[in-house]
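Undergrad: Sequence:
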Amino acid sequence: MKKGLIGCLVVGLLLLVVGGGLAYWFVVRPMWASASNGLSAVQDMAKIAEVSAQVKNKSPYTAPADGTLTAAQVTMFVNVQTQLQAKMAGEYAGFEAKGKALEAKAKAEGREPTATEGMALITEMSALVAKGQQIKVDGLNAAGVSEAEYDWVREQVYAAFPYASMDAIPDQLKGEVNMANVELVRPHKELIAKSMGNAMIGM
1 MKKGLIGCLV VGLLLLVVGG GLAYWFVVRP MWASASNGLS AVQDMAKIAE
51 VSAQVKNKSP YTAPADGTLT AAQVTMFVNV QTQLQAKMAG EYAGFEAKGK
101 ALEAKAKAEG REPTATEGMA LITEMSALVA KGQQIKVDGL NAAGVSEAEY
151 DWVREQVYAA FPYASMDAIP DQLKGEVNMA NVELVRPHKE LIAKSMGNAM
201 IGM
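Everything in the sequence shown is counted per the working numbering, starting at 1 for the first residue and increasing by one.
If you're looking for bench data, these hints aren't it; they were derived computationally from the structure. Built from N, CA and C at the ideal position, the CB exists for glycine as well. Some hints could be false.
Stated by the list, open to error - Below, in silico cross-link-like pairs of lysine-lysine (DSS-like), each with a Cα-Cα straight-line distance of 27 angstroms or less:
(1) Lys98 - Lys87
(2) Lys87 - Lys189
(3) Lys194 - Lys131
What the hints assert, rightly or not - Computed Cβ-Cβ distance ranges for the label pairs, DEER-style:
(4) Arg111 - Tyr158: 15 to 23 angstroms
(5) Ala168 - Asp66: 20 to 28 angstroms
(6) Ser59 - Ala89: 17 to 25 angstroms
(7) Ala53 - Ile169: 37 to 45 angstroms
(8) Lys105 - Thr62: 50 to 58 angstroms
(9) Ala72 - Lys98: 33 to 41 angstroms
(10) Lys174 - Ala72: 22 to 30 angstroms
(11) Ala199 - Gly90: 14 to 22 angstroms
(12) Glu176 - Tyr61: 19 to 27 angstroms
(13) Tyr158 - Ala65: 18 to 26 angstroms
(14) Arg186 - Ala46: 15 to 23 angstroms
(15) Glu147 - Gly67: 13 to 21 angstroms
(16) Ser59 - Ala108: 47 to 55 angstroms
Make the full structure from the sequences, and use the hints.
TA: Now the structure itself:
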């Protein structure tokens, strides 16, 4: 494995979650070295799909032409992210610490992390994603929101976030963003900053 193990694992996992074509390199190939971990990872990927199917509202979502969020949509998104942050932040930190410890150990021994070691981390990360997906789905069902709407809301929130983080937005930039969205997002900028990593894994 190359350096930057954690980044590679997260990107690889993301590709798997969204059906990317690198499954052979990130799962099947390492499975030869660690069949038990590989099977667990595949089972967790299947669980993620099963959990996603539990979303009750499966309606397509037609976004407003002007791209403006409602206060209710932002509240829904914030509620989901609050639950994810409360229940998963510690586990993500623990995973990152394990990855750094593994890299440090391998470096001290003058080698790269092995496929087996990497597979163990992928297995752990896939389990975390499955757990986070359940939290997200529970939040969507509580709000009666579809994944299609949630995905759109998340996109608008993160588009507005950089501007919401500014103390003052230069006039020349105001035409580049939906200012109504910026004002809705602004009160939640600290939470959004902490939870941006969730977007990397579809949360």
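Undergrad: Hint by hint, which ones does the structure fall short of?
TA: Those not satisfied are hints 4, 6, 14.
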